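K.L.:
Single-letter residue listing:
2 protein chains.
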Amino acid sequence: MSNIKNDLFLRALKGGIVDRPPVWMMRQAGRFLPEFMAIRDKYDFFTRCQTPELASEITVQPIRRFGMDAAILFSDILVIPQAMNIPFEMKEGLGPYLPNPIRSQKDVDETIVPNIDETLGYVMDAIKLTKEMLNNEIPLIGFAGSPWTILCYCVQGQGSKTFDKAKEFCFTQPIAAHTLLQKITDTTIAYLKEKVKAGVDVVQIFDSWGGMLSPTDYQEFSWKYIKQIIDALKDDAPVIAFAKGCWYALEDMSNSNVSALGVDWTITPQIARKLTGNKVTLQGNLDPTRLLSPPKEIKKLVTKMIDDFGKDKYIVNLGHGILPNIPLDNAKAFIDAVKEY
Amino acid sequence: MSNIKNDLFLRALKGGIVDRPPVWMMRQAGRFLPEFMAIRDKYDFFTRCQTPELASEITVQPIRRFGMDAAILFSDILVIPQAMNIPFEMKEGLGPYLPNPIRSQKDVDETIVPNIDETLGYVMDAIKLTKEMLNNEIPLIGFAGSPWTILCYCVQGQGSKTFDKAKEFCFTQPIAAHTLLQKITDTTIAYLKEKVKAGVDVVQIFDSWGGMLSPTDYQEFSWKYIKQIIDALKDDAPVIAFAKGCWYALEDMSNSNVSALGVDWTITPQIARKLTGNKVTLQGNLDPTRLLSPPKEIKKLVTKMIDDFGKDKYIVNLGHGILPNIPLDNAKAFIDAVKEY
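Order-wise, the sequence lines are chains A and B.
So that you can map any letter, position 312 of the first sequence is 312 in our numbering, and since no number is skipped, the others follow by simple counting.
So that you can map any letter, position 167 of the second sequence is 167 in our numbering, and since no number is skipped, the others follow by simple counting.
One or more hints might be untrue.
Ranges between beta-carbon positions, derived for each pair [what the hints assert, rightly or not]:
| id | chain 1 | residue 1 | chain 2 | residue 2 | range |
| --- | --- | --- | --- | --- | --- |
| 1 | B | Arg65 | A | Gln219 | 43 to 49 Å |
| 2 | A | Glu297 | B | Lys304 | 43 to 49 Å |
| 3 | A | Asp231 | B | Arg103 | 45 to 51 Å |
| 4 | B | Leu94 | A | Thr179 | 53 to 59 Å |
| 5 | A | Arg20 | B | Glu118 | 57 to 63 Å |
| 6 | A | Gly277 | B | Lys339 | 40 to 46 Å |
Reference excerpt, derived from the structure (chain B facing chain A, CB under 7 Å, subset only) [said to hold, decoys possible]:
| id | residue |
| --- | --- |
| 7 | Tyr122 |
| 8 | Asp164 |
| 9 | Glu168 |
| 10 | Thr289 |
| 11 | Ser293 |
| 12 | Pro295 |
Computed list of chain B residues with no C-beta within reach of chain A, every gap over 10 Å [to be verified]:
| id | residue |
| --- | --- |
| 13 | Asn6 |
| 14 | Phe143 |
| 15 | Lys274 |
If you're looking for bench data, these hints aren't it; they were derived computationally from the structure.
Nothing here was measured: the structure is a model prediction, and the numbers come from that model.
Just so it is clear, CB atoms sit at the ideal spot from N, CA and C, and this is done for glycine as well.
Construct the complete structure from the given sequences, taking the supplied hints into account.
P.N.:
Below is the structure:
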């Protein structure tokens, strides 16, 4: 890893002393960028994901413009169910749609734990190409959804405010649910190991819908499986776990082999530090909507946020993905505020 | 208040010793009941709200079937903006739609703080009729939305996963936002005082979208105004505040004049008690989706929940409104588990 010129991000993950914290933004390779929209106008979602030249170009676009301290490979968490024989469509503007949602043990039995090379080789090609383009300037993050979050889509069949069908499946057919969660976990572990071999320096697990569960149900249906992934990957690369809305699990999560925990904006830096006992690096947590504030106010908020988290064992980020309607100057103000800290 | 035969709910709100905690369910007068659906098939949303005979009948329907310890008047939080000159439509299945959302100081200036009798007299008539029908058997709850939650709909114009336009309005036009929040607050205080005069025994404030805000923004845009309402009502009736997703504000909220705090299912009873220091009664918090579990498991979960909260200073409820697809036997199991405790 030492061959990466700007290793601020890797040092923060190891807990080392830094002059300033590193910064990147969830969904930085995304819809707020005009250069991304230009590609999006020409190529559909699957073409963008599955064409290494497009995925790598999209990955480096925000770096060229803003100079973040880490890049994150353009992809989607639903490539995993797709490889498992659970096809999905992407309805632009509406999000994912799974025509054959999982609703029974029989449906679960029909899913497969795939050969990663055969099904997701295009991701590995995109990683290799991106690493070449990044030229060892900054580290590259690869990601996966948490098994629970993947299950949410597989069972619900689409986005939802409550994922009630996914929860109903877990609460009324727990054996089938756990079988599916384990299959997703096994696939994810193999997938992330291949990603590291292909060149990603760090992996992040997104548990976007963990916060739908009670603390007890979270342990049973989500954290148990994330922990398996962390334990399996710990000797391969640093792992960041971001569980939106799961403040209640932070203490448990900090006692694992995770390198960093992402936090959303509904927790103060002080309480996040208290719950995690300074045992792990924290990443977050500006409210993405706050990037609609004037640039001057954004700078103030970022400076206060760094002061509150402390500059060490800290990665500056948003509390969730950047919104499509954020002005470029405001995103720049966010990044620059960190660099000028 | 002493003339109410089953005063378990009122005693729990005062913090007294009880044999078992009282129980009711948010949205108990709602779509999971076939007798409600029969009325819904015949009369549209506004007719149901504005016809005292229908609103009172809907209010007592769940009591007849399950015998909860409190009734809550059938109405909607959006009657407040409607009275303030911000009309809305109710699209069945999709929720509220406001054709002229508030987006500027000028829009705010065009709203009014209405005369309650003239605009919302039908609510008072429904209360009087419901009180007659309840015949002093159990107490009646009246409710209002929090000013922040009302603003969310007024600005966004409809339901949303993120209420990004509402937050943008607050972050970029804070003076206009605060003017609107104060007008909603003034209207809500007058409205709730009239409701108490008309006969409700307790009021509950629903801050359904408070959890969208960071702890700092919550203080500025939501709690400040809820506190005004609590302080204005404290000599009229006990006030319950339910702020979904706002675990981070529980400590501050418990130091107010509130009688009880509602909590959602993403917090353990133990931590909720710890944060509120046993200063107030707590209400909650079973995951509404957990009512899809088999009745036997529901009973176990309820018993454990009462054990964990403790039977005193506690009101059994769900952590949010009951879902439309909950079987009647499961709702009954929830209520009965409390009565058999």
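K.L.:
Closer than 7 Å between Cβ atoms is the bar; does Thr289/B clear it against chain A? Give me holds or violated.
P.N.:
holds (4 Å)
K.L.:
With 7 Å as the cut and Cβ atoms as the points, is Pro295/B at the interface with chain A?
P.N.:
violated (12 Å)
K.L.:
Do Glu297/A and Lys304/B keep their Cβ atoms within the hinted range of 43 to 49 Å?
P.N.:
Holds - the Cβ-Cβ distance for Glu297/A and Lys304/B, about 46 Å, lies within 43 to 49 Å.
K.L.:
Hint says 53 to 59 Å; check whether the CB-CB distance for Leu94/B and Thr179/A agrees.
P.N.:
violated (35 Å)
K.L.:
Is the shortest C-beta separation between Ser293/B and chain A less than 7 Å?
P.N.:
holds (5 Å)
K.L.:
Beyond 10 Å from chain A, beta-carbon-wise, is Phe143/B?
P.N.:
holds (21 Å)
K.L.:
When you look at the beta carbon of Lys274/B, is every beta carbon of chain A farther off than 10 Å?
P.N.:
Consistent with the label, Lys274/B stays out of reach of chain A, its closest Cβ about 12 Å off (over 10 Å).
K.L.:
Regarding the hint that Glu168/B lies at the interface with chain A, is the smallest CB-CB distance below 7 Å?
P.N.:
holds (5 Å)
K.L.:
Hey, does the Asp164/B contact hint survive, CB to chain A under 7 Å?
P.N.:
holds (6 Å)
K.L.:
Should the hint that Arg20/A and Glu118/B are 57 to 63 Å apart at their CB atoms be regarded as holding?
P.N.:
holds (60 Å)
K.L.:
Taking the minimum C-beta separation from Asn6/B to chain A, is that value above 10 Å?
P.N.:
Consistent with the label, Asn6/B stays out of reach of chain A, its closest Cβ about 29 Å off (over 10 Å).
K.L.:
Can the suggested window of 40 to 46 Å be confirmed for the beta-carbon pair Gly277/A and Lys339/B?
P.N.:
The hinted range 40 to 46 Å holds for Gly277/A and Lys339/B, with Cβ atoms some 43 Å apart.
Violated hints, in rising order: 1, 4, 7, 12; the structure is consistent with all others.
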